[in-house]
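One letter stands for each residue in the lines below.
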Amino acid sequence: MKTNVLKTILLASLVSCGGGAKHDEIQGNVGTVVATRPAMKATLAAITVRGELFAKQSDTWTPMISGNTLPDVREVKTERRGAIVALGDSADAPLLYLRANSHVALTQDGSGVHVAILEGRARLRRGASVSSYIDTESGEVIVTGDVLVDARPKGRADVRPTGARPSAADWSFALQQPETGAGVGRMEARVARSDKMENIELRDVMVDVKTAGDQAITEVTHIFHNAIDERREGTFRFPVPDGALLVGLAMEIDGKMVEGEIVEREKARAVYEKIVDEMLDPALLEWEQGNWFKLRVFPLEAKADKKVVIRYVTQLSKQGNGFEYDYSLAAPEQGEIGSFHLTVDGKPQLAQKNIAKGIDLSVPIATKIPDVMTEKRADGIYTAVRIAPHLAVPGFRTSTGARDIAIVIDTSRSSLESRAQELEVLETTVRQLAPQDKFTVIAADVEIQRSWPGYVAASEQALREAKKMIEGIEPDGASDLANTFATLDAADPSQVIYIGDGIATWGEQRTDELAKLAKKIGVPVDAALVGKGASTALWAELSGETGGRSMIVKSQLDEQRFALAATQADMIRLTNATLEVPAGAVLFPSTATTLFEGEEMVAVMKLPADAPMPASMKLTGTISGAPYTENIQLAAAVPTDRVGQRWARQMLSKMEASNAGKEEVVALSTEFGVMSKYTSLLVLENDEAYKKYEIDRKNQREAEKAQQLAQATTAPTVTGGDLDSLGAREASLSPDEVQPGDPEIKIPAPIDAQSVVVSFPFGETKLAVWDTDINAWMVRFLIDQQTPDGTYYARVTITHSDGRLEVLQLPYTVDTKAPIITAKATKVGAGYHIRVKQTRDGTRPKDAERVEIVLPDGSIMKLGMTEWGVFEGDWTPDAALTGPITLQVFARDNALNQSTIELVLP
Amino acid sequence: MTFVAAIANAAIAVYTNTTEVRACQPLDDGFLVGTGGGLVWTDKSGAPKKVWTKLDGLPATRVDGIAMVDGDVYVGTEKGGVRVKLDKGAVMIDGGIGGMSVRDVVKYGDAIYYATDEGVRIEQHKGPRVPSSKDVPFKGGGNKQARARVSSLAIADGALWAGTAGGLYKMRNGVFELVTIESGANEVTSLYADGKTLWIATTNGLYTREGSAVRGYGGGNLRRVTKVDGAIVAAGLGGGYVTIDRGRLVSYKGAAKIAMVQALTESNGVACTGGLDGLALRASKTAAWTTVKASAGIQANDVSALAADGETLWVGSFDHGLSKLSKGVWTTIESAQIDHRVNAILVEPRAGKTSRIWVATANGISIVEPKPSGISVSEITKSEGLPARGVLSLARLRDGRILAGTMHGAAILADGARPIAIGLKQNLEVKNVWAVAEDSQGNLWLGATNGVFRGKPDDSAWTRYSVATKHLRDDWVMAIVPDGAQVFVGTYKGGVTRFAVGDVVTATQLGDGWINPGGLRIDGSTLYASTMEGLRTSDVSATTWATNDTFTVADTTATARVGGKLFVASRRGIVSPAGP
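Line order of the protein sequences matches chains V and F. So the first sequence is numbered by the working numbering: it starts at 4 and just counts up by one. So the second sequence is numbered by the working numbering: it starts at 3 and just counts up by one.
For the record, the hints were derived by calculation from the structure and aren't laboratory data. Warning: the hint list may mix true and false statements.
Here are the computed distance ranges between Cβ atoms for each label pair [claimed, not checked]: (1) V/Trp773 / F/Thr292: 27 to 37 Å; (2) F/Gly513 / V/Met868: 34 to 44 Å; (3) V/Thr794 / F/Lys46: 44 to 54 Å; (4) V/Gly834 / F/Arg352: 56 to 66 Å; (5) F/Ala233 / V/Arg193: 37 to 47 Å.
Every beta carbon over 12 Å from chain F, so not counted as near; a handful from chain V, in silico [as the list claims (entries may be wrong)]: (6) Gly70; (7) Asp112; (8) Glu336; (9) Gly349; (10) Pro373; (11) Lys471; (12) Met604; (13) Ala612; (14) Thr623; (15) Ser661; (16) Arg783.
If we take Cβ atoms under 8 Å as the criterion, some of the chain F residues that face chain V in the derived model are [said to hold, decoys possible]: (17) Gly222; (18) Ala261; (19) Leu278; (20) Trp516.
Yeah, the Cβ is synthetic: ideal placement off N, Cα and C, and Gly gets one too.
Generate coordinates for the entire structure from the input sequences, incorporating the hints supplied.
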């Protein structure tokens, strides 16, 4: 359906610009068309090749590297990583971006070059030298701008404008940028008795991904090896993916993983320096630049390994109708990585040794992503709602003529440091304009200067002139946005693009008044907000109310996304999209926004702990000038991790934008474990050190709680958490498949390991066996009836194919004690509310999993678990009860231990 | 090396697997080998002469350690250690301690010290009377549970040292005190004293301690350190054998081909070593190591299921696959279509044809069909419609179909038809179905962790019997066996309940006990119950039962009768009394 809409749009564009013939009459199988049409005459030029690129002429596949050209190419494919190729050897040839492991057919006829996607994903950007088309099963689509194409079964393809959801094209933007070591961190240390720095050997990298709703929590475990016979201080740098939320850091100290805690930045630094002086084990993680975080690690012991774990949260990438997890590993700059493993939701996806080249991975997520996700915390209920309104407009047509685009550049004093980036955004944006589009550049501070009267075509010459004008203006004065809007109104543009920090410092500064002036222009206003003080506080409202988009632009990736979103999203859009705030809720987005057809908005809200979940949410806005209202019915909320953090991140952005007090920001940041500009992550050696410096061990508690929860939900009698204390890799019990008494351990060691041996504390040693169905090494073991309660450790020894030994530990708990419970009945109307609570027994987690009541008629009522260790239910007798009534209450824990008590009804 | 030991009185045949070597000791006329299946006395070539198990008087069948103390042989088992004398093919037991796993024994001063999994026990002989014994206290180390697991003892530089799972301890003034080795090297697996130097094998490598100086050599997960031909040699799990050359750890040249080493001993040039993958011997200092070839036999001691098919006994093991004993010959069933984790076996007799053997495993059901040319094996897995990967129980229905209990409900299986799942459709809240049966009225019984459910496939509501309904003493049902109008239900720790099936179902609790999965069997009028405490029997009409006192085998898992002989499986092999 989306393809059809898109096709309509693109064909409408085709008609409007008058270029080429209409090709939608071509029907039939893509393969047939490709086979009968001649190979591409235009020379294929390899612009960027990250992995392996092959081009097929006749029947021969030829490998290509960056800079190569080949004529008469029929097919092209990529392996391992992506590539950019030009469909022609001129500077203005169409550009084809190919994702890793993609395969396309290239043909050419009198109308232009045709691209049919056979496998994988591609992005095609039009070029002036030759017309370009996407072949699909149902015909072909002329590309007048920039489109993303996904292969679909049976020759079908999903084609959509890149600008409608630029984040889906992030992989292609990454191909345009220099490699910056994505995916893993690197550690440097000083060469002995020298000022030179050298890379520390990275022996193992384990990437463990767990999905939580539409988010992914990625844990990257690095094992570095200090090869010299000298203790050193290391500097670890890690590139957090664009848009990721850094939530955790852990470091191995004395064989135990110690969680980092979020601490106010200055305090963290002071504590770190003091501890380094005392020769203890601290680590301090701070933001360095761009997406890079820097961690100072001390000590790197002589000839020893050091394990560092980084944890971050990203959004799953929405592709077509599904979601996927994307991971990119750049060619390691520090030399080969000894071994690399990636698992997603426990399933191994990649295991390789001696990694010297980069890898791009896309892992489809098979589980259904819930529409409503919720997390209950002590201070409230946090809920994320995915909203994808149906924005059909009968007879909708995109703009049919050339657009006149006014680009405003902030030249006020605040642009002093961001001038270079402003010009980069200008350049990237102008280069994305369609050939028929025209533009003008307006320099705005308290005064206005215009590049030229009227609008001119988007040529390189015009771009140079515009940049020259901006460079000639000394950044000075304040920013008078009201005056700017008045000028824009008079300029009669069809679209406005603002590039600046987004802050009004002169004249009218009230958001609502500025919004009125912006709306008066009557066209979409998009904003790229750049610079240190860049804020969306004002522009989210201005853009949202006008049908544009505003984005904070920090990186080149952001620049690409913005330029595409601002210039290549000519689709149905919901302007001034606003969600009605449920009573008592703190909701994000808190301002109006713009939603494009097919786009999804995720609303995140905090509700009071006792507030009911609203049954629906009201979305209002304007489509093509007509009012729009939709009541979105909320599906049952699915408990999901880290929704609270998601909300806190939005809240922190809002607070930072509104210059909220540092103390408030630090408090929220530490409460939710979300880094802010005022906080750092600090790892200290032990509990005593944290106590000494009065640092709350919140993350450690959370980690332990998560482990307890995992234990409580796993197998009875034997419960086990993930192996993490010594283990480079996760070994785990398989509670879903095994009952008490004979659990199994799953060890995701590589298939080519020589052996995997598991030693148990009670004297048994077993050889694990590779299980082809589970893709892991498995071993079954027995627990003797006489084994006392307690936590035990199984030791896993992996002998790798190269003879290297790896030793891991797996804790498990033997529990034979029945749960201790209390029960209370409260009369409610004609019935009773019954509440059964498990009492904590020493340090054991509350692990009751089932509570049943035997009613007077002998029937059994099961109570529902309302929180860990608490079970509740309501019972109304069919007839009035006489005399004292005693009910039997049965409770069972995860280990299938049972207890019984009596409950006398009041 | 696997063999059958028929012990001296020939009243009971014992079948154990002795592949896993846990300790060994060269003797003048052969070797003494401690295995998971008993104590084995071999000749010089490694050929077994005798196997002794618990039924011969050892505290337990699994041997955890062998030590020579002043010329005496001490054998540590998983339930105690004893001093033994070998005399003309018989083993004479003389003193020792019971109740706990004994891994090492040394003499220090006038006392014998036992390294056990409950600390160090001292046995003092004061005069000719029965020795007194007591535990040596420990001091230091946070994990009391770990430090109690003592793997080895050694006397270095005049002091007694104890290697434990919680670190290294040195005895001072009658108390073992924690001595630091190095961070990460907390689990000591073996000690060897060489004058003033103490060699320490740990799960994190090899160390020495001399005075207060500690040196680490690396080497991974080591299990044994000793001297061979005057040089220190260590070995462990996966890393093979290593020695020290000019202060560095290097591979030990000419080592035996054992990868998972747990035992290594040398005496006057004669040496033995072994581990998970068997036994290797060296006749003299100049001879090469030879690996002792394993012979056919029971493939593992953890027997999980038995089934009788005429003169053939089918044996399923916990994690070593399927085998059979037919006319005194053991055959291991090698097939990629049979998972090595066997949970249950069912023999399906067929008129005019050989029986089919249904094997429930952790990865589906394998159907073994004996043929003149061998066997054919077919599989039914989740791909073929089973509700879950793992299958826990099997029963044959009166109409010939097979009922299977899986890890997500049950299924009825018939040739040429897709499995009929029982669970969701019947509104059953069951996950793991540990036991299945059909009663005389055609009702199916499914034993789960929340009680037993009774009903017919087409019923939308089944009846649940549980602790809450006062029918069971424990909700975790492990075994069900029908007998006419009765159904016996065995639970994990609540013994056996007899259900009388009529218009009204009533339940009578028989004796207590911990019933193992599939552990009930009716044999004539006798109910056999395989429990964690051993085999129990009862007349089917009786209300109590008795422990079978013909022989005592702990943790009995299954029984079967083949050719008139009773076979009793346990976690430590199979025994079969000579009589009925």
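Which numbered hints fail: 16
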